[in-house]
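Student: Just so you know, the sequences run in chain order U and P. Position 162 of the first sequence, counting from 1, maps to 161 under numbering that gives the first Met the number 0, and the rest follow consecutively. Position 507 of the second sequence, counting from 1, maps to 506 under numbering that gives the first Met the number 0, and the rest follow consecutively.
Some clues are possibly wrong.
[Said to hold, decoys possible] Okay, the calculated beta carbon distance ranges per label pair:
hint, chain 1, residue 1, chain 2, residue 2, range
1, U, 67, P, 472, 51 to 61 Å
2, P, 7, U, 133, 44 to 54 Å
3, P, 23, U, 75, 21 to 31 Å
4, P, 397, U, 155, 24 to 34 Å
5, U, 264, P, 397, 30 to 40 Å
6, U, 91, P, 397, 25 to 35 Å
7, U, 220, P, 487, 37 to 47 Å
[Claimed, not checked] Subject to a maximum C-alpha distance of 27 Å in a straight line, what follows is the list of computed DSSO-like cross-link-like pairs (lysine-lysine):
hint, chain 1, residue 1, chain 2, residue 2
8, U, 78, P, 130
9, U, 145, U, 156
10, P, 21, U, 156
11, U, 156, P, 19
12, U, 157, P, 19
13, P, 291, P, 180
14, U, 156, P, 16
15, P, 244, P, 291
16, P, 19, P, 401
17, U, 156, P, 453
18, U, 157, P, 21
19, P, 400, P, 426
20, P, 180, P, 264
21, P, 401, P, 16
22, P, 264, U, 136
23, P, 244, U, 156
24, P, 426, U, 157
25, U, 157, P, 180
26, P, 291, P, 130
27, U, 156, P, 495
28, P, 426, P, 492
29, P, 398, U, 157
30, P, 244, U, 157
31, P, 19, P, 335
32, P, 21, P, 401
33, P, 291, U, 157
These aren't lab readings, by the way, just hints derived from the structure by calculation. Even for Gly, the Cβ is constructed at its ideal location relative to N, Cα and C.
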Amino acid sequence: MTTERNVFEIEGLECAYDHNGRNGKNVILRIERLSVPMGSLSIILGLSGSGKSTLIETLGLMNHTIHSGFFTYFHAENKVVIDRDTWNCPSALATIRNRHFSFIFQHDFLMPYYTPEENMLIGSLIQGSDKTGSRAKEEMGNLCLKMGLDPGGISRKKACELSVGQKQRLSFIRAIIKDYDVIFGDEPAGNLDELNSGLLMDVLKDSVHQNDRRSAILVSHDIPLSVANADCLIVLSPAAEDTYEVLQENVFSRTATGWSGGDNVRMADDQIDTKIRKIICEKKSLSAP
Amino acid sequence: MREKISFRSLMIHNEYKALKGKYHSTTGYLFVILFIAFLAFGFAKSTLDCQQKLSADPFSNWINFNYHSGTRDSLLSLNEKTCSEIFREKFHIRGAYFYNRGMVSVAAISPGILPLSYEARTIDPRSDVVKDLLKTGVCAKYFPDSVENGFDCEPNGVVISKKLLDDTGLDKRTLSFIGMKSPVGDLVPVPVLAVVNELPDQADIVYTSLFYCKTMNEGFYDRQNSCFTIFVENMDTSAILRVLKELYVAFEIRDPSAVQTTRLKTLNTAVMNWKIEIGKQENGLPVSLMNKRMNSMVALKNHHFGRYYTLSKDTSCDNSAFFHDYLAVEFKDLEKISSFSAYLTEKLRLQINLEVLSDRENFLYTGNLALGSIILLMFLSITSVSIYLSGVIRNHLLKIKKSLGNFLAFGVKNTTLTWLYIRVTLKILATALFPALALAWACGELFEKYLLGKFLVMDPRQDYFSLTNSWFAIFLLLILCVAVLRTFISVTKILKHTPGDLIYERDCRG
């Protein structure tokens, strides 16, 4: 699938962590130029420690990781340029996250002593949405059923009494029930079996494709699952020591017939799988995942 | 699930539930700390109040010197020196006054009541002691209803102690005069200016040196008046008419114009007092018989009544033969009393009773000790409440910090979360504080009412347990402020991290 509009445009971005009040010196991710298409499901692939979560954190305005460069976030009404200085105003970033973004992580981060319903709704409540009462109950019920959860069964329990898989699916519902423009997921299916991972991807795709302005950016280790579901694949490749990068030719878009790379090479699903494994491990003598 | 909820209400409701602990363990523990603190505070504050009352007692910061031929010159010199402001400042002296002490016989003005002897002393009407005497709290009743003038409004007035009032069976609401036995045996009505809880030197009656001086001379009241004057206390007009009707018969009055009834203006304006003047008549009854008949009048029964004499209005007195008994030196505080004692010994060859001195110093010391204990108690209570509460909140926040990071990622502002936790803290504190306050108050009052009396002779004017004072209000306010501040610090310490740092535990700053 191709899109004309982008949700994020990155220019000369270098990411590093700024702990202990020092300016981060070790750049762990470098992106010369990258466009993330709007209205699509983009999945970031790479080795562990390659900066996938850093990229999610940076684009999701969750951490002060911009060492240099900037990126632009486009939404329906406007665009926002985010650079290092933007973090001087954390409340403005909180407002952007509140209005436009939603998140799902590898761990559920549910409030253990809240009810499942309260946990599912909390994202919307933070946004100030009026998704409460019977309408919300119905929407939550439908999503639970889609995700293979028994709404009646879980409503009688506290979040802490649910299984890991159930909690993970609840946290997914919490993310998509919120009115969002971009949903960020850091290995959202990491704790789920193959069947539930597939369900999650289906529901997520439905949610994203429901609305042109919606996009999803996920991080995954699961290359087959990503190839099967993504509209766009962004592969992080090793650059210098402890630094990874995103090269233009390592960004692949789904086309009607297969995948198209930045160098206009067209590939089928099985070819891209091999290609991704090669990119991830190139320049370093690493064994393919 | 409730129909309409907001993030704030959901958070406050659930976080309160989580923080109050299983079976209210957190609030229960806070309740115990606060209950003990309130109870201790109630008693400690009352102890301090008692100490301060005694220490602020204008009559406890006094030193009296015997005035006799041996000390006369030294005391006159000391009195003169106390006129100098520098001298007064140096030794924290408020003033020095000569005074006299003696016994007077007083009684309620009613027939058949024998006067009893009471300790009396004089006072300088211009001294600050008079102001102290008439201060609210010391003064039980002041008749002109204003405490500014003192003896100015009635130089012949007396101030009596509450003990004397109780002994004579007089009612302070209707009281106007007290009968003072003159040297020749008449019970002279003397206007009562005020009734006070306590008088200097444990005296029961106080008057000015001038009045005392006048009583030494004959003619301080109109004993030679040809009229027979009756005083009737607290009677309405219809009753006084009945008195007159009976009086005409009892006194065999043939000429009604000889009787003049006027409302007697006294310091106590709240009651109607009367003066019935019976002029000298031809073939009138002798005074002794008039006295007898007056005492047996039915219409006067149940009223204070008796002979009335007008006191001399002279404002001067021939005191050539008049000697003082003491010189009283009054201090603002007792801080310089040791140096004052040394000065007296060295310069004026006067000795202060060292026992009195050490008593005063001990008193000062124990007062400060009580104050220190209260401050320590306040500090400990506030610290333990705030440390415990902030510890509970901090542990809870550390447990859920990833979820808090998730909330921040979803766009909750740090300030919103901080205020939510402050509100939860206040809610927890209120849950523990109000029952603790109620129970402490009930226990304190019950203890004071039913148990304390078994251990000590209680002074009905003294509050042995009190939580209704500004100190306690400050104490409560401090507990709230410190708890809020500590919660604020705990929450901001965690929320200073970015959402990403909290979620991915990238907390290198500790």
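Student: Evaluate each hint against the coordinates.
Tutor: Right, here's what the structure says about each hint:
{"no.": "1", "hint": "67(U) / 472(P): 51 to 61 Å", "in the structure": "holds (57 Å)"}
{"no.": "2", "hint": "7(P) / 133(U): 44 to 54 Å", "in the structure": "violated (22 Å)"}
{"no.": "3", "hint": "23(P) / 75(U): 21 to 31 Å", "in the structure": "violated (49 Å)"}
{"no.": "4", "hint": "397(P) / 155(U): 24 to 34 Å", "in the structure": "holds (29 Å)"}
{"no.": "5", "hint": "264(U) / 397(P): 30 to 40 Å", "in the structure": "violated (51 Å)"}
{"no.": "6", "hint": "91(U) / 397(P): 25 to 35 Å", "in the structure": "holds (28 Å)"}
{"no.": "7", "hint": "220(U) / 487(P): 37 to 47 Å", "in the structure": "holds (41 Å)"}
{"no.": "8", "hint": "78(U) / 130(P)", "in the structure": "violated (79 Å)"}
{"no.": "9", "hint": "145(U) / 156(U)", "in the structure": "holds (20 Å)"}
{"no.": "10", "hint": "21(P) / 156(U)", "in the structure": "holds (17 Å)"}
{"no.": "11", "hint": "156(U) / 19(P)", "in the structure": "holds (20 Å)"}
{"no.": "12", "hint": "157(U) / 19(P)", "in the structure": "holds (18 Å)"}
{"no.": "13", "hint": "291(P) / 180(P)", "in the structure": "holds (18 Å)"}
{"no.": "14", "hint": "156(U) / 16(P)", "in the structure": "holds (16 Å)"}
{"no.": "15", "hint": "244(P) / 291(P)", "in the structure": "holds (17 Å)"}
{"no.": "16", "hint": "19(P) / 401(P)", "in the structure": "holds (21 Å)"}
{"no.": "17", "hint": "156(U) / 453(P)", "in the structure": "violated (58 Å)"}
{"no.": "18", "hint": "157(U) / 21(P)", "in the structure": "holds (15 Å)"}
{"no.": "19", "hint": "400(P) / 426(P)", "in the structure": "holds (21 Å)"}
{"no.": "20", "hint": "180(P) / 264(P)", "in the structure": "holds (22 Å)"}
{"no.": "21", "hint": "401(P) / 16(P)", "in the structure": "holds (19 Å)"}
{"no.": "22", "hint": "264(P) / 136(U)", "in the structure": "violated (85 Å)"}
{"no.": "23", "hint": "244(P) / 156(U)", "in the structure": "violated (95 Å)"}
{"no.": "24", "hint": "426(P) / 157(U)", "in the structure": "holds (23 Å)"}
{"no.": "25", "hint": "157(U) / 180(P)", "in the structure": "violated (90 Å)"}
{"no.": "26", "hint": "291(P) / 130(P)", "in the structure": "violated (42 Å)"}
{"no.": "27", "hint": "156(U) / 495(P)", "in the structure": "violated (33 Å)"}
{"no.": "28", "hint": "426(P) / 492(P)", "in the structure": "holds (21 Å)"}
{"no.": "29", "hint": "398(P) / 157(U)", "in the structure": "holds (17 Å)"}
{"no.": "30", "hint": "244(P) / 157(U)", "in the structure": "violated (94 Å)"}
{"no.": "31", "hint": "19(P) / 335(P)", "in the structure": "violated (54 Å)"}
{"no.": "32", "hint": "21(P) / 401(P)", "in the structure": "holds (23 Å)"}
{"no.": "33", "hint": "291(P) / 157(U)", "in the structure": "violated (97 Å)"}
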